[in-house]
Amino acid sequence: MDNIEVTPNQDRELSVVGKPIPKLDAAQKAMGRAEYIQDIKLPGMLYGKILYSKFANANIVKIDTSKAKALAGVHAVLTGEDVPKKMKMGFIKDNPPIKKGRVSSFRDEVAAVAAISLDIAKKALDLIEIEYEELEGIFDPEKAMEKDSPLVHEHLKSNVLKMPWNIHYGDVEKAEKESAFVVEDKFTTTWVTHCCMGTSGAIALFDAADNLTIYSNTQIPSLAQKDFLESLKAMGLENKRARVIKPIIGGGFGSKLDTYAYEHIAILLAHKCKKPVKIMFDRVEEFNATSTRQPTVIYIKQGCDKNGRLTFRDMRMVLDNGAHTSWGATTPSVMLMPISSLYKVENVKYNAKCVYTNNTYSQAMRGYGNPQATFAIESSMDILAEKAGMDRIEFRKINKNQSGDETPQGLKITSCGLEECIDAVKEELKFDNNSEKGVGTGIASLIHVGGGARIYGSDGCGAILKMDDYGKVDIFTGGTDMGQGLDNITAQIVAEELGLLAEDINVVHSDTDVCPWDVGAHASRSTFVAGNAALGAAKKVKKKIQEFASKILDVPAKDIKFKDRNVFFPGDPEKSMPIGKLLRKAHFSPNGTMLMAENFYDPDNRNMGKDLKGNMSMTYSFGAHGVKVKVDEETGKVEVLEYVAAHDVGRAINPLLLEGQVYGGVVMGLGYALTEEVVHQNGKNMNANFRDYKLFTAKDAVKIKAPVIETIDKDGPFGAKGIGEPGCVPTAPAVANAIYDAVGVRIKDLPITPEKVLAALKEKKGD
Amino acid sequence: MATKISFILNGDKISYEIKDHWTLSYLLREEMGLIGTKEGCGNGECGACTVIVDKLAVNSCLYLAIDIDDKIVETIEGLASTDGTLHPLQQSFVDNGGIQCGFCSPGMIMSSKALLDENPDADREEIKHALAGNICRCTGYIQIFESVEAAKELAVEDKGGKNG
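These protein sequence lines are chains A and B, in that order. So the first sequence is numbered by this note's numbering: it starts at 106 and just counts up by one. So the second sequence is numbered by this note's numbering: it starts at 254 and just counts up by one.
The hints are simulated quantities; they were obtained by calculation from the structure and are not laboratory data. Hints are not guaranteed to be accurate.
Capping the alpha-carbon separation at 27 Å, the derived lysine-lysine pairs in DSSO-like fashion look like this [stated by the list, open to error]:
| hint | chain 1 | residue 1 | chain 2 | residue 2 |
| --- | --- | --- | --- | --- |
| 1 | B | LYS257 | A | LYS799 |
| 2 | A | LYS690 | A | LYS571 |
| 3 | B | LYS272 | A | LYS228 |
| 4 | B | LYS405 | A | LYS804 |
| 5 | A | LYS808 | B | LYS381 |
| 6 | A | LYS193 | A | LYS174 |
| 7 | A | LYS542 | A | LYS735 |
| 8 | A | LYS146 | A | LYS191 |
| 9 | A | LYS535 | A | LYS808 |
| 10 | A | LYS531 | A | LYS742 |
| 11 | A | LYS808 | B | LYS257 |
| 12 | B | LYS272 | A | LYS810 |
| 13 | A | LYS735 | B | LYS308 |
| 14 | A | LYS804 | B | LYS308 |
| 15 | A | LYS159 | A | LYS124 |
| 16 | A | LYS193 | A | LYS505 |
| 17 | A | LYS542 | A | LYS517 |
| 18 | B | LYS257 | A | LYS146 |
| 19 | B | LYS257 | A | LYS124 |
| 20 | B | LYS272 | A | LYS146 |
| 21 | B | LYS308 | A | LYS227 |
| 22 | A | LYS810 | B | LYS405 |
| 23 | A | LYS804 | B | LYS272 |
| 24 | A | LYS542 | A | LYS191 |
| 25 | A | LYS742 | B | LYS272 |
Assemble the whole structure, with the sequences as input and the hints as a guide.
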């Protein structure tokens, strides 16, 4: 098929980039030799455990830890009284790692212990006696906005967070009046959670000078280091060092973008006990005490003219923030992107309120708000197309984004393969061939940041590259591999640039003592930003090698080429040398030198201004998903028959790992669409296990085709854009649209369970 | 209470004094340092801890260590040949993108091995059935199925690890 063929490279023949090289650490993992946080034991290590609140909202009247302290093998018991006043978590610092006086959710930490064994630590928790005075809780964010609602934090006087999410581009009121067709709907999404197969955990220890080392499976080593240094400062440990070591990470998906109570509590316990302290979550804790994707209530109104051109989009959201504030409260900054810029629409209004409740607090999860916003937008696109009497695919193509566009938010669209993605889906899925009863097709598109995302002062990543005497490379990157494959992306980029093989490149990304700064593995930014950081370092070393080789081979430096572990002068077989040999010559000569380079790449993107405008990413990733479903009208069960996920990735640095990102994203998205829900009842998690939290299993796996559209982005490393998150962004609306196509019911509340489908079918039939 | 048990672990005869309440995953991971067997839930729900006992794939987090007395136990550590050659399943998981974060991989590979040992020609549906108890959050399973199918081909040339 022409439109999904890999675009030939115009610059030069590539020998490593673009190849499906297996993940560099896969053999270690396949042999069971990879060490995760679960697997690490240090000499003298103690085991920490955390006690959580028994109520969603309560005053702590009294805590008695004497029996726990007296238990043999217990080294320390901490309560909120032992936490320094300034030790708080979250970007607005509203959350101490152990609460004092008041708890505001079931996951609030009330005490912690360290003991010589896990069993003793657990026993000690049972011996802590706490007297609570239960208070009325508030669990519905819209009710929490009402004037007489109980307050989650009384001193704030309101449950609504002070966040700036209020924008108006163009003139929505005028555009609405001039629209030929307008639709208005309400959508809701609920809590889902990352379900990393490796649960969360940390080991903290101090050296004799009170410098901290912490092992943690974090996605943000540099920002975590900053958080930990702030904790040390709050503990009175000024001017100390905090070293963050990342073991192999058993899944991230956004869950590890903040620092958490277990890490800060491990630090407190380790300091108190003068021993390493490990806190490992069990699966129940992982469900209860890690942060979810934030639930939303979404009101959307959009319109088009008689030719099907979008005229305006007006959206309002209420986000359940939970009892404390983590990055969940900033997801509207990313929601703004699809709201203002998925398809061409000049007049856009968006208001989001993040509201405190006594529920669990939300955080980042793959897509960072985009899946929620896109669920509403793309469901509404189908509703509007139907009202306007237009073909839903044609309607999308009329409004497609294109290269050279600047959107109302100020996003500059550079490379854009949206139309090609839509065409690829159309070609693969045969939309008009749904004669079978209960079978239907759906489509939905996406825009996502693909070239970094400046939501912090720096969006940069550093890389240090050194070559040894044998032609091998060690590259120390700020970027984080959590299974998605950044180690390969880094190695393939460096190998390509230096004429080496991927196996010649050792990628070190595990230790803040040796790796430079990076803002974190989020926003699908690592291939683009960490990739460019590595590429820049490789280019610097390459230039040095060329200069040296020029002297040895007696040819102009710029003409020296690199391939198959050799440097050579094209056209003269005599002028060639293995890179290793050249490096040894450079090293072992008078005034010898070793070849290394450092590079810090900070993309030329912009923070949003006060008007919330700004080109937050250097480039944007696009995609379109199509799905064919069969709905059983007797049971309401939805079966996914076929799935096509077409993505504009700039360039596929590694097609094998790229497919893995897309497949994994789609299946996570299908869970979001159909099965996954953390059931909260008055703030309490009712399904903290894999029996009742319904992930897709091997039995549920679906056929997925993943056409790759290569648009060769001008700023991406070898033209690549990010692809980590996009796979799960348009999945839910594609499924919802297919269900409507199949049986004529529109489900506006995720997940689309058989119960909801059945109820809607009954309502439609007038039962 | 302590009990002395004897069993074959990855081809080696072992005698070990265990506490009666120990699970097999505890014995392997915490006592014997065989960290290749992962524990993802401790409740038999995720399959990360899958090992093979007398040819049957079991969740070692639920299986009591005392019950392996006189039995043959295979773990992920026993699959590769002594010369370092990966077992066909390990190699095909590596080559076909069956591994991302890798936490589920040892369990996936052991469940797949139990299947192929019994049914070398297992088709896609049989593979799906055999892996139904092994959860993966990274891959969407497709490349895992492809890995198992590719391993069937590789198995023809298998030189064999300790567990054959």
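A quick look at each hint next to the structure:
1. For the proposed pair LYS257/B and LYS799/A, the alpha carbon gap of about 40 Å is over 27 Å, so the pair is violated.
2. Restraint check for LYS690/A and LYS571/A: satisfied, since their Cα atoms lie roughly 16 Å apart, inside the 27 Å limit.
3. Of the supplied pair hints, the one linking LYS272/B and LYS228/A holds, its CA atoms being roughly 19 Å apart against a limit of 27 Å.
4. Between LYS405/B and LYS804/A the CA atoms are separated by roughly 20 Å; this keeps the pair inside 27 Å, and the hint holds.
5. A distance of roughly 13 Å separates the Cα atoms of LYS808/A and LYS381/B; the hinted pair therefore holds under the 27 Å criterion.
6. Proposed proximity of LYS193/A and LYS174/A is supported: the alpha carbons are some 25 Å apart, at most 27 Å.
7. Restraint check for LYS542/A and LYS735/A: satisfied, since their Cα atoms lie roughly 8 Å apart, inside the 27 Å limit.
8. A distance of roughly 31 Å separates the Cα atoms of LYS146/A and LYS191/A; the hinted pair therefore is violated under the 27 Å criterion.
9. A C-alpha spacing of about 15 Å is found between LYS535/A and LYS808/A, which places the hinted pair at or below 27 Å, so the restraint holds.
10. Taking the CA atoms of LYS531/A and LYS742/A, the gap is about 25 Å. The hint holds against a cut of 27 Å.
11. At most 27 Å may separate the alpha-carbon atoms for a hinted pair to count; LYS808/A and LYS257/B exceed this at roughly 49 Å.
12. With a C-alpha separation of about 50 Å, the suggested pairing of LYS272/B with LYS810/A is violated against the 27 Å cut-off.
13. Taking the CA atoms of LYS735/A and LYS308/B, the gap is about 38 Å. The hint is violated against a cut of 27 Å.
14. Of the supplied pair hints, the one linking LYS804/A and LYS308/B holds, its CA atoms being roughly 22 Å apart against a limit of 27 Å.
15. Between the alpha carbons of LYS159/A and LYS124/A the distance comes to roughly 53 Å, so the proposed pair goes past 27 Å and is violated.
16. Note on LYS193/A and LYS505/A: the hinted pairing is violated, with a Cα-Cα distance of about 45 Å set against a maximum of 27 Å.
17. At roughly 44 Å between alpha-carbon atoms, LYS542/A and LYS517/A are farther apart than 27 Å, so this suggested pair is violated.
18. For a cut-off of 27 Å, the pair hint linking LYS257/B to LYS146/A stands: about 26 Å separates their Cα positions.
19. A hinted pair counts as satisfied when its Cα atoms are at most 27 Å apart, and LYS257/B with LYS124/A does not qualify at roughly 52 Å.
20. Restraint check: the Cα-Cα separation between LYS272/B and LYS146/A comes to about 21 Å, which is no more than 27 Å; the hinted pair holds.
21. The suggested pairing of LYS308/B with LYS227/A is violated, with an alpha-carbon distance near 35 Å, which exceeds 27 Å.
22. For the suggested pair LYS810/A and LYS405/B, the alpha carbons sit about 23 Å apart, so the restraint of at most 27 Å is met.
23. Pair hint LYS804/A plus LYS272/B does not hold up; C-alpha atoms about 37 Å apart against a cutoff of 27 Å.
24. Proximity of LYS542/A to LYS191/A is assessed by CA-CA distance (about 62 Å); at most 27 Å being required, the pair is judged violated.
25. Restraint check for LYS742/A and LYS272/B: the C-alpha separation of about 47 Å exceeds 27 Å, so the hint is violated.
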